[in-house]
Each structure stands twice: as C-alpha cells, then as structure tokens.
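*Asks:* Residues per chain, in single letters:
There are 2 protein chains.
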Amino acid sequence: MPEIKVGLAQTNPVVGDYENNAAVIHSVMAQAHSEGLDLIVFGELALNGYPLGDLSYRKDVIETGERTLEDLIAKSAAFPALTIVLGHAALSAAGRPGIQSSDAIATNSASVFSEGKLIGRYDKQRLPNYDVFDDWRNFVPGSNELIFEVAGTKCAIAICEDIWDQDSARGEKLKGLGVELVIVPNGSPYTREKSVQRRAAAKAFAQGISLAYVNLAGGQDELVFDGDSFLLDSTGKEIVTAGLNPGLYSKFNTAEIEGDSYVQLFDVLVIGLRDYLQKTGQRKVVLGLSGGIDSALCAAIAKEAVGSENVTGVLLPSRYSSDHSLSDARQLAQNLGIDHRTIEIDAAHKAFESSLALSDLAQENIQARIRAVILMGISNSEGHLLVSTGNKSEVAVGYSTMYGDAAGGFAPIKDVYKTDVWKLAETYNQIRGFDAIPSNSITKPPSAELRPGQLDQDLLPDYELLDSILALLIEGRHTASEIVAQGFDAQTVAKIDGMVRASEWKRSQGAIGTKTTSIAFGRGRRVPLTTRFGEL
Amino acid sequence: MPEIKVGLAQTNPVVGDYENNAAVIHSVMAQAHSEGLDLIVFGELALNGYPLGDLSYRKDVIETGERTLEDLIAKSAAFPALTIVLGHAALSAAGRPGIQSSDAIATNSASVFSEGKLIGRYDKQRLPNYDVFDDWRNFVPGSNELIFEVAGTKCAIAICEDIWDQDSARGEKLKGLGVELVIVPNGSPYTREKSVQRRAAAKAFAQGISLAYVNLAGGQDELVFDGDSFLLDSTGKEIVTAGLNPGLYSKFNTAEIEGDSYVQLFDVLVIGLRDYLQKTGQRKVVLGLSGGIDSALCAAIAKEAVGSENVTGVLLPSRYSSDHSLSDARQLAQNLGIDHRTIEIDAAHKAFESSLALSDLAQENIQARIRAVILMGISNSEGHLLVSTGNKSEVAVGYSTMYGDAAGGFAPIKDVYKTDVWKLAETYNQIRGFDAIPSNSITKPPSAELRPGQLDQDLLPDYELLDSILALLIEGRHTASEIVAQGFDAQTVAKIDGMVRASEWKRSQGAIGTKTTSIAFGRGRRVPLTTRFGEL
Chain A
-6 MPEIKVGLAQ TNPVVGDYEN NAAVIHSVMA QAHSEGLDLI VFGELALNGY PLGDLSYRKD
54 VIETGERTLE DLIAKSAAFP ALTIVLGHAA LSAAGRPGIQ SSDAIATNSA SVFSEGKLIG
114 RYDKQRLPNY DVFDDWRNFV PGSNELIFEV AGTKCAIAIC EDIWDQDSAR GEKLKGLGVE
174 LVIVPNGSPY TREKSVQRRA AAKAFAQGIS LAYVNLAGGQ DELVFDGDSF LLDSTGKEIV
234 TAGLNPGLYS KFNTAEIEGD SYVQLFDVLV IGLRDYLQKT GQRKVVLGLS GGIDSALCAA
294 IAKEAVGSEN VTGVLLPSRY SSDHSLSDAR QLAQNLGIDH RTIEIDAAHK AFESSLALSD
354 LAQENIQARI RAVILMGISN SEGHLLVSTG NKSEVAVGYS TMYGDAAGGF APIKDVYKTD
414 VWKLAETYNQ IRGFDAIPSN SITKPPSAEL RPGQLDQDLL PDYELLDSIL ALLIEGRHTA
474 SEIVAQGFDA QTVAKIDGMV RASEWKRSQG AIGTKTTSIA FGRGRRVPLT TRFGEL
Chain B
-6 MPEIKVGLAQ TNPVVGDYEN NAAVIHSVMA QAHSEGLDLI VFGELALNGY PLGDLSYRKD
54 VIETGERTLE DLIAKSAAFP ALTIVLGHAA LSAAGRPGIQ SSDAIATNSA SVFSEGKLIG
114 RYDKQRLPNY DVFDDWRNFV PGSNELIFEV AGTKCAIAIC EDIWDQDSAR GEKLKGLGVE
174 LVIVPNGSPY TREKSVQRRA AAKAFAQGIS LAYVNLAGGQ DELVFDGDSF LLDSTGKEIV
234 TAGLNPGLYS KFNTAEIEGD SYVQLFDVLV IGLRDYLQKT GQRKVVLGLS GGIDSALCAA
294 IAKEAVGSEN VTGVLLPSRY SSDHSLSDAR QLAQNLGIDH RTIEIDAAHK AFESSLALSD
354 LAQENIQARI RAVILMGISN SEGHLLVSTG NKSEVAVGYS TMYGDAAGGF APIKDVYKTD
414 VWKLAETYNQ IRGFDAIPSN SITKPPSAEL RPGQLDQDLL PDYELLDSIL ALLIEGRHTA
474 SEIVAQGFDA QTVAKIDGMV RASEWKRSQG AIGTKTTSIA FGRGRRVPLT TRFGEL
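If you're matching them up, the sequences are chains A and B in order. Throughout the first sequence, residue numbering follows this note's numbering, covering -6 to 529 in sequence. Throughout the second sequence, residue numbering follows this note's numbering, covering -6 to 529 in sequence.
Hints were generated in silico from the structure; no laboratory data involved. Any given hint could be a false lead.
Just so you know, same-sequence chains aren't split out, so a pair can sit in one copy or run between any two.
In silico DSS-like cross-links for lysine-lysine, where the CA-CA straight-line distance does not exceed 27 angstroms [what the hints assert, rightly or not]:
(1) Lys499 with Lys52
(2) Lys(-2) with Lys488
(3) Lys488 with Lys52
(4) Lys343 with Lys52
(5) Lys437 with Lys343
(6) Lys168 with Lys277
(7) Lys277 with Lys488
(8) Lys187 with Lys52
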C-alpha cells in the first residue's frame, strides 16, 4: 500500500443545523487541504447530525441535507487532490426489502467526492435496532460496495454497525477485491466499555486491511459521541489515536491521571450537559444544593460545562435540614465560585399543611415538591435550565419524588451509580488539587433529610450491595433467581427487583441525561409500565 | 369448504401475568368446547400480553410463557375435537438473518394444539418497526408456513403485520397450497381509522380464502386494543363482526348512536384509563376540576372507568379564578356524583411570592405547580392516581406547565385535539341524556385563568385553525411550507411549527395516555429534543 495521508475529522454537528454543520465541514476541508492531506473522513451523518430519529421521515430534512451536500461537493473544487468522505442521509430510490414494514424514506450514507465531483455513494447495510438505536426503523438498508482509489490506495466504506457484523466476513471479501483501506464513519456513543469494544470490532472486521475509524464528538440529547477515532495499519496495529478532542472539549486529558476511567467519565458528563445547553440555545443552569454528594457533583459538572458565572446553586433548607447540609453546600458554592442563595421552604410547607391532611410519605414528598416549585420559579424567571441531580441507583429503585427532586431539564448523573458518584467526586477533587467538593459531602451517610434522622439506608441496602444487584439486573439482564444463585440474599434481591419494576412510570417521565453504561434508562430501555411478572 | 365452527376470543391479557392470562384462556377453551366449536382463535401474544417491549429479551419471561403453554396444551386433552390457536412468544433456535444486529431471542408465534397435543407452531414473519411497534427490535422473524386441517378445512396462520404485506402475494401462495381459511391473531391498537384499514388489509391479503381476524381487547399502557375481530368468507364478505366486547367493556354500544365515531372514541378512552388502573392494581383517581372542558371530560371518563365512588375532584381556586369556574366545577361533580372538595391555593401562592421574585410567566406557572403539589399530596396520602387533563392541542404546542397541570400518572385525552374534546363532551351528554358536563363548560371561551382576563386565544389561534394545522404537521407529516401552500397563513404556521418543536422536552417528560390517532405523542413518535431545522 502506497503512502496516503488521512485526516480523521471529529465534528460535533447539531441535528438539522445544516448551515453550521456545513460551515464546520467546509473549514475542516480547507484545513485538510492546507495540510496536504489526501483524504479527510467525517463521522456518520456528520452533515445532518445523528441520530435523526423520526426526522428521517421528513422529506424536507433529507432534501435540505442533499442540497447542502451538493454545495459542499461544488466547493471541493477549491481543494485539489483532496478526497472527502462525508456521512449524510439520502432519499432512497429503492424501497425496503419485503421483510417488514417501515416508514423509512432515506438511506444512512457516505458520499465520496473530490475536486468538485461526486465519486460515489455508499449506503449503510447493517442498521442497528437495539439499545438506543432505531436505524432499522428510520432508514432503508443499502447493499452496494463502493470501491475507489485515493492517492493510489484502494478504499472501501463501512458505516458504524457494518463493522460489528462478524458473520458476513465482509472484511475478507473486501480484501479479495483488493481493498487496502476501509473507511468507517461512526456515530458511536460513549459507554464505559466502548473504547475497547470498538477496537475489537474494527480488528475483527479489517483482517489485514488498514482501517480508518472516525467518530462524531459531542453531545446529542442523552448520547455523548466521544470521538476516540483511530487508524489501524494492515497488521491491526493502532497507529493514530484521536482521543476526545482535547482542547475542544476536555480540559482534563485522560492521560493526566493514568488509567483512571473516572476522568474520562467526568469529561463525558461535562460534554453531555454542555452540548445539551449549547445546542438548545441555553447558557445558565440552576440546581438545588442539599449539601449531599449528588448535587455537589452535579454542581461541579455544571461549572465545568458552562463556567461558574452561569451556575446558580440554591440552598432550600426545611425544618429537618441539618446544620452540615447548609455549611457543606455553602462551602461547595464558595469552592466552585458559583452564585448561591438560600430560600427557606417552611413558610410554603406550613401553608400546604394548613390546607391539606398529609400522610407521612406525602409529608416527605411535599418538601421535595416545594423545592421544585421554587427552582422552576427561578428557572422560569431568570432563564436557567434546572438540573436534576438524581443518580442511577435512585432512578432505578424510584427513590425520588416525582415533580420534586426528579424535576429538571437535564439529569447529568442519571446513568451513574451512587458508588461511582463518590468516585467521581474524589476524582474531581484530585483534578482540582483540593477538596472542591467538601470531604464531608463525600463521607457523610446519604440522607434525603425529609424527616428527622432519615438515612437512605433506612429503606435501601448499603449502596455497594444495591449497585451490585442493580448492575446485574439492568445492564446484566439477569433474572432475580440468577442473581440469588450468585450468592445474593433472596429477600434483598426480590425487594430491589420489585422496586425497579414499580418505578417504571416514574422513569417514563424522567429528564434526559447522559448515557454512560450499556443499558441506560431512556430510549435504550423500553419496557411496559403495566406488567405483572413478579413471581417467575 | 366444509362447515367449520370458529370462535374469536378477544381476551385482555396483562403483560407477564401468566397465571391469570392462562386462566382466562383455559376458561374460554372450556366454553368453546361446550358450545361445540371446532376452532378457537386467540389474539397475538394472548398468553404473554402485548407488546412485551424489551421484556422479550428476558429468558425467564419467555420460558415461563412456554411452560404455561405446555400446561394449556396438556389441559386441551379435556376438550376433544377442539383446535386452539394461541399467540405466544417462543425462544428462537435460529438467530437473526445477518441483515442487522439485535438483542432478540424469541419469535412472536402462534401454536396450534388439540386434544393434548401440539400440532405445530407458526412464527410471525413481518415484524413491524414503525409507529409504536418495536417488533423487529424485540423479536426474531420467522419464515415457515404452517398448514393444518381443522374439521376438514385446510388452515394457515398469518400474524397481524403479516397480512399488511401486499407485495409478497402470500395470500395467493396460500391459496395455491389449497388453504381455505387464514387465521390471523392480532395485537392491533385502536386508532380512529383502524377499523376500515384492517378490513382493507385483510381483504387484499385473503384473495378468495376465508379469514378469521382476532384482536386483543383492552388497554396496555398507551394502547387500547379495540377488539373489532371479524370473519370474512371466501368472497371477502364480512359474516361476523365482534365489536368492542360490549358488556365486558363498553357500556355504550356504538350502534346506539348511529354512525357516531365519538361514542367509540369515548369508549376507548374509558378502557384506556380503566385498564391502566386495573392492571397496575389501582382503583381511585383524583383530578383538578377547573370548570373547563378538559377536566370535565376527564372526570366523565374517570367516572365511567372506575365509578363515581372512586373519583375525587378537587377545586383549586386562585385569586384569578372566575365565579363560573367554581360553579361549573361543582355542578359537574354533582352531575357525575363524584366526591369533590375545594382547596384555596392563595396561602401557598403568597408564601412563595414572599420568598421569591417571579416574572410574569413564572407567576402563572407557579399557580399550576401549587395545584400539582396539592393534588400529588392527596394522591400520596389517599392512594389516588392523579389524572392529567391536557389535550393534544395543548400537548402539541407546549401550552401547559411542567410539574403543574402536566403532572399525573395518566393523561386520558392527551391524544384528543381540543375540537374533538368539545365533540366528546357533547356526545357524553347525549349518551347520558342530560347536560352531565355543564353546557357552560362547553360554550365558554377556554382560559387557564392564571392572570386576570386570560384566554387561550391570547396566545393561540382559534382552536379550529390550530387543530387543522397541527393535524397536517403531526399526523400528516407535512412540512410547514407544504401547509402554507395549502392556503394557511405563513406566519401562523411558522409560529405553530416553532411551538411544536420547542416543546419536545416537555413531551419527553409527559404522562402516558391513550393513543387514538395515527401518530400520538409517545412511543410512536421519536424525535430528538435537540434540533435546529427551523428554516428549511
């Protein structure tokens, strides 16, 4: 294989924002040309944004993308000797194979163009339809090979899921056709295991062909595309690794704290919140500060996402709040340099009590809901997005108040287990070089403080145990009896399993938040609210 | 074709409730036998409940179903000369065709059995993957034909979506194989157009073969399976029509008010709420009564769903409430015979005002949120499900307060446009024979009464116009420019389109409610929250 200079363009498109997406693509093309590259590769649907969801059914959304593509092809005339591979959606002439019905009208494609001319188009063949992915719903599958030459190198394209197909031996077929470089545009969302999985899939697919893996980089609703692009040579050796666009996104390069995946996880959470805000035209956030670890970590994420000056913390003490809840929250706000204010909730609490007879549970919930009324009042009055601070352990067992602490426009840590929340807090303090999150918030026993002396562990098992069981139930998809067979207490497992099932309705109304695990609560997990399958 | 006696069993399974689902199936088998039937046909996944969603990935959910099936097969020995066709999920031996990845482990099948023995199994071939359907995600497709004889009649099976496939000419192939009766188990949810569409699909498929169409009948989360089973003879003539299980479900047979689809729609809304409550083990509902038409209609639906004695209406007057809002609400409660109470919100309103500076919008929202705090307080204390009363027009444009009037466990009319809300109210009064819903609630101009003299039409166009534009945008999937080309005012269309797009985040946290149209807000409509495609 002759020498070829390849650029991996990790862009961060906004769904449907053709003007800005194309402007970024154009400037990257210019840069690639000025650096003397032969080939520049963009991610999956880099022109349209990914995932499009059911917007893929809108003819105007697809057609406007195609017009924008034509314009970019024309502009490529200004960059001689550069070949561009760009992911985009295209109206499909062919229908869907007869195997099932669909409303899809477009393919998920990549076009190859150079010097003002279209060389060809490849349509994604393997359309994922699991987890968060609805590609099979939203697109028509392709079946063509596109083989073309760049700087003397024979190239072909596979898009994202195409390379996860180990059965079809397509890599070997491409090799048989003389292909030397497989170009792989991706829209591959972060999970904590994904980096390793991507490389395994790419190596298994390539089989002696060089491979250029290019991912998007940025947040889109509950997904964070974490870049992590790479180049494999023909022996499968990784010769370029792009990381998570340091400088553009990450203030804390993973390499700084060797081997610590929590730094990367923290970065991803920051990007998820920041891009949701930026891409929806918002800048400021508000959140309640309880003095506890969840709100402290969310405040730290918010500060890194939008800057201290755009974060407002609100202390909302009740008659049951401990002294340390206020002092820890104030210390946190001071350490992070964020605005904070204190609003007592007791006057409102008394007003409700005087008009309403409340059970014990209702007494607890009403405090959380009064706080939500105040926080949403600030949100509506001052234009802040309310950050919901619940973690995955709480969301899983429904340990939250609907329209109370569950309220908010974005929930940064909803896919982070409590035991990982602690580790992230420690990691953040390590990054910052001091106890930005007060050590007392990390070490004290978790409490919602909705009644005197209340602790999370009154109702829940120890978080280490809880999270182990939850991970087996949710990401592991193990049944309760399988988990008991692993040595866990049957009564505890049954209780947790029951709590998870009983809170589906709560999650169905939950704020979106960044996916970090293989199965997050959100679009990737679709279960009925109405079920009875307790005693299988 | 010799004479054959066929029973169409419209059962109402609960997802995963094998014990009760099987008990119902067994009793229907016994009845069919005692009535001398040759064949009894159940709906799609009648054993497991439909849709299973991602529960289809759980091996224990599938295996428990298979064990229950074996038990029913054994019990069929007691009913000689009766053949049973029962829909159920089955662990798949074969994998998925290589075309795309999936986590699916099971087929969506129907087993045929008689006199204690399994005759054969058919696996659904065409797996829908549009609208609310995730069959392609959740199941492995089949490819076998199952041809068997019942009482001298040659039969084959097609499951639901299979008969919507007009391309494969499978009906003709079956005819060529000598098949005289196609048996079609369905899990086909109600929409207002579906009854006509089903018959068209069945007739186009059958092509001279007799056809037994059997649907489930009952609510499952946001879907109502509306029965509507039928038998076509070999000329395509409908010789039996089952309706919506009158007696079991519908108090008001559609036939009573000739040709009025609003009676059927009302029935469906009642069933949706009732089955959500029953199947999740709830009995009582609470809702705010504003004196307006939406809460009035929801109260009527609730009364019919669970009985007057299980409905609590709460009047929550504010400083801006008009006299008629209270008098109309009281009259409604009296007419429906439901419990009602009045709780003033001004004390809480003042408490919040004293601690918080509020913008005009926040002033409005806070009243709606105080009401939600009170209603959820009653819900938590007394065990009622809170009914959210928003209609589709409001939900579409985001004309609601998050964690305020949007709060609730079920939203019965979220897929009913405002103009249809009025028609349903009139229909209900016609059914009841008097103005159960006070005529003043029907005729007065809609208002949220969150500031003095406020009317919905201050912000929104007339509801007739609004609903016309919304139906084109949402169900019609027309673009704004296409709608303008139909003669609508460009500025109005742009405003409405913008409001729909800006409120995706609100809908993403909305309560579930019964689907009545071809595209309802819920699982059948999956669009990103983060988009910019305003000016295409």
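*Asks:* Run through the hints listed earlier and report the numbers of any the structure violates, in increasing order.
*Replies:* 2, 4, 5 and 6
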